[in-house]
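> Those protein sequences? They're chains A and B, same order as listed. Numbering-wise, this note's numbering puts 946 at position 194 of the first sequence, and it's gapless, one number per residue. Numbering-wise, this note's numbering puts 90 at position 58 of the second sequence, and it's gapless, one number per residue.
Hints are computed from structural coordinates only; laboratory data are not their basis. Glycine is no exception: its CB is placed at the ideal position from the N, C-alpha and C atoms. Please note that a few of the clues may not be correct.
Computed cross-link-like contacts, DSSO-like style, restricted to lysine-lysine with a CA-CA straight-line distance of at most 27 Å [stated by the list, open to error]: (1) A:K1059 with B:K129; (2) B:K123 with A:K1059; (3) A:K1070 with A:K1058.
Just a few of them, taken from the derived set where beta-carbon distance is under 7 Å, the chain B residues facing chain A [unchecked claim]: (4) T42; (5) S99; (6) N101; (7) V102; (8) F111; (9) V119; (10) I121; (11) A128; (12) T131; (13) S132; (14) L161.
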Amino acid sequence: MIPYTAIAGLGITQQGKVYDRNHVGFAVEAVQLALADAGLDRGDLDGLLLNPGLSWGEAAMGSFQLQQAMGLRNLRLSATMNAGGATAAAMIQHAGGAIAAGMCTTVACVFSDAPLKPPKPQGAEKGGGGSAGAYGFARGLDAAYGQFGINAMYAMVARRHMHVYGTSNDHFGAVAVAQRQWANRNPAAQLHETPLTLEDYHRSRWVVEPFHLLDCCLVSNGGVAVIVTSAERARDLKRPPVYVRGMGQGHPGGDPAETLTSGAVLAKETALRMAGLTLADVDVVELYDCYTFTVIVCLEDYGFCKKGEGGPFVADGKTAPGGALPVNTGGGQLSSFYMWGMTPISEAVIQLRGDGAARQVPDARVALVSGNGGILSTHSTLILSGER
Amino acid sequence: MPPYTKPIPTVTPELRPFFEAAKRRELVVQRCRGCGTYRFPARELCSNCLSRASEWVRVSGAGEVFSFNVMHQVYHPGFAGEVPYAVVIVKLAEGAKMTSNLVGVLPGDIRIGMPVRVVFEDISDEVTLPRFAAVSSPGV
Ligand SMILES: [Zn+2]
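Bound-form chain B, shown alone (with noise of 0.2 Å):
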């Protein structure tokens, strides 16, 4: 298998639940005590409420595209062989967004409020991340 070239996110302590639980092939979001509004990426308070206390919960990897881009210019030397490729917002089924990348889905045939669900795909040894897969039909 060639190296990972791509850029390798630092697992800062805030961050730390969310990549261990990638290694274990779970998503994990933060979550407000104080309201129940799910964010990511963590924060040290709830924008919603203002309450400091939150809990890492699993959510259940279902979303569907929010939006996407597909990037045309090479910014980072490991992305060069990919372009263009797109980057895509995923809203959760639970209502947190995230960005990421679809696999399997060629850019031209991304549709907003197309079904997806996390896969996981391990870059290093400390960091697994989350992508996501189309899910062709409902139930599947």
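Pulled out of the complex, with its shape left as it was, chain A reads as follows (with noise of 0.2 Å):
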């Protein structure tokens, strides 16, 4: 099918422990370098859709509060949205949508958060852990039983993957350095000056297990935005259109410990029709690493390796630079920097465009882009590409 809508600008601010300036801040800035990467200003958006991070508040009306900040005046699309994981994607699929439908022109996707406050000196009282979320689940039962957080939860579904398939610690590990390998060849990402071994990784402390530091995506400050507008409207602009060739959405529900599948065997069926592709002319692969396991996972439900292959796959250095199938190629959330669903993104658009530099996949056509969220309860999945 032709294409009607491609990603026209990028906007990255700095990422990680970026402490002077808060989430709005980020927001707006990204938004800003997106719109003088395309050769645009805020005057020509129409659309503005958010992902708030953490930050912003639970019940925040945060488009409008982006909205305010920037001073747009008469948009024809605004919204805060939460697909969990898959939010980022899914902004950039609704933006899409939109403009098919007419509703409006260019449409800035936007995620940022400053979760990261500067480290208190010496003695202070230790932050961290054991939010008051935390004690909802379950009516506190949860929390009776020492069972805190999202890393707890997902660790019962690795365990169970670990069980029924085989899969090890050296397997989230091989995902862990792979990406790292990546990361050490993107200057921008925030453990680009770190290189990891399997050794490394083992020595890495226990989070929860199965899962050490290493397994788990970083935190960062920082925000990312992309402006969305019409194929042919792209082609005008100042930098190559990257297409929206496919999109596709995946939200399982169930029981993930028991079914160990996500969202994106849904999602990609939806996607590489309407792309009118298949897997073998995928060139690039970024997925949402929240987790090692997560890659592991994903990578068995697009079908780039049979289900409980993953580990294996993984550890045969298939994902790693030089590999046959390049994952995560800027380091993911695991190494470069984490903004939800941005990070792989903003990385096909880099490759996409030609712009990866020490890290660029050579002949980069077309890339395949997840959203993972929930505990592997909602999944999203873009197919971009340079080409029409």
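Mind docking these for me? Both chains are given alone in their own frames, and the hints should help you get the complex.
Here you go:
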């Protein structure tokens, strides 16, 4: 099919331990950078979609706050979106649908967050953990048994995968090592200058078994925005368009520890059919890596390997630099920065424009991008290409 | 006995039958009157058949370890002296799954599929928590 929307601009702020700006400031800066990248200004925007991070507050009317902060007038589309870790790609999908329907022409899709605080002096109260939200699960019963937070719940699913398929910490470690190798080639990655071996992985402290610290994504302050517009208009703008060739979502429901399967199965079907492409056409893969384990599950569910063989697939070096299937080529959320799904999207745009420098995948024409949220319960897929 | 310092769950109206039964050393689970599905924790309607009718029924207390993790970070001061400790998901013989702890089993000795049975621990005047103990051999 002929693609009708494209990503015309990308804006990435500084990422990581950046303490002098808040979440709104990051969002505004990301949109400004994305507009400048596209050769547009804020007056061209008639759509705004925001996935607010933790800093925006649970009941935040985020897109309204951002609109006010940016002085945007007469938006024809504005919403705050939450489909868990699937939101970033879902924003681009909703923008595309609205543009195709003629509701608006130029949409900024934004994520920003600033949960990291400057380190306190020695002896100060240790922060983090035990948030009030953790007590909401099962009316406080989880807390009574000592289970707190998302890491703990994901660990339950990962342990089942290990039991059923023989996946091991060596396999998880292989994901961490491969992505660090990519990050070592990406100067913008938070862990750019930190090489990692499998031994280092095994030595990293346990957070919640079977997860070491290096199985869990980073925490980052920063913002990322992309500008979505029609394919026709994108051709007249400053940078080469990255066409949205296919898009899909999959939200399986059910008990993830029972199914050990993500929504990628459903989402990829819709997205590939729309694009008229197969997995064999995919040159680079950018997955939502909240954990090393998620990468393994998603490689299986997309069909890059058989179910249960994600671990050996990665341990074989296939996803690392020089491997047959480059995955998370900027270092991903494990080693580069964590912008809740905007990380894989931004890396796909960089690769398809040929802007990857030391980490550029040769002849990268088609990228598969995914978002995964909840406990394997929400999923979104984009098939992006520099070619129509 | 030292004071109990871990989080004590609130006895909400939905979970009152569960806690009242635990006081009696009985494990009860909500069961759908429409399709018979056991579900835990309590919910207003059945996601299988959408019936709103339910009852609390006593279950055997037998089950097996379905999955587990080992918590190494202190998220609540009440657990500071216990890390690393394991949290388990027990799949009851009747099918419902419960998050809980094992008693008398070191984290390194926990295995998926390990048969377990319920035991009870009084943690306050109002709340008795079901936990699980390993069943060393069939019939014990
Ligand atoms: Zn039912």
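> Can B:L161 be said to touch chain A, with a Cβ gap under 7 Å?
Given a least distance of 6 Å, the restraint on B:L161 holds.
> Under 7 Å, Cβ to Cβ, is where B:I121 needs to be relative to chain A, so tell me if that hint holds or is violated.
Holds, because the Cβ-Cβ distance from B:I121 to chain A comes to roughly 6 Å (cut-off 7 Å).
> Does the CB of B:F111 sit less than 7 Å away from some CB of chain A?
Nearest chain A Cβ about 5 Å off; hint holds.
> Holds or violated: is there a CB of chain A closer than 7 Å to the CB of B:T131?
Hint on B:T131: holds, closest Cβ of chain A at ~6 Å, below 7 Å.
> Return the status of the interface hint for B:V102: holds when the least beta-carbon distance to chain A is below 7 Å, violated otherwise.
holds (4 Å)
> Hey, does the B:S132 contact hint survive, CB to chain A under 7 Å?
Where the cut-off is 7 Å and the nearest Cβ of chain A is about 6 Å from B:S132, the hint holds.
> A:K1059 and B:K129 were given as a pair; does the straight-line alpha-carbon distance stay at or below 27 Å?
Distance of about 25 Å is within 27 Å: holds.
> Check whether the Cα positions of B:K123 and A:K1059 lie no farther apart than 27 Å.
holds (24 Å)
> Is the interface hint for B:T42 satisfied, with its Cβ closer than 7 Å to some Cβ of chain A?
holds (6 Å)
> The hint names B:V119 as touching chain A; please verify it with the least Cβ-Cβ distance against 7 Å.
Holds. Min distance 4 Å.
> A closest beta-carbon separation below 7 Å is what the hint needs, so does B:S99 meet it against chain A?
holds (4 Å)
> Take the shortest C-beta to C-beta distance between B:A128 and chain A; is it under 7 Å?
violated (11 Å)
Violated hint: 11 only; the structure is consistent with all others.
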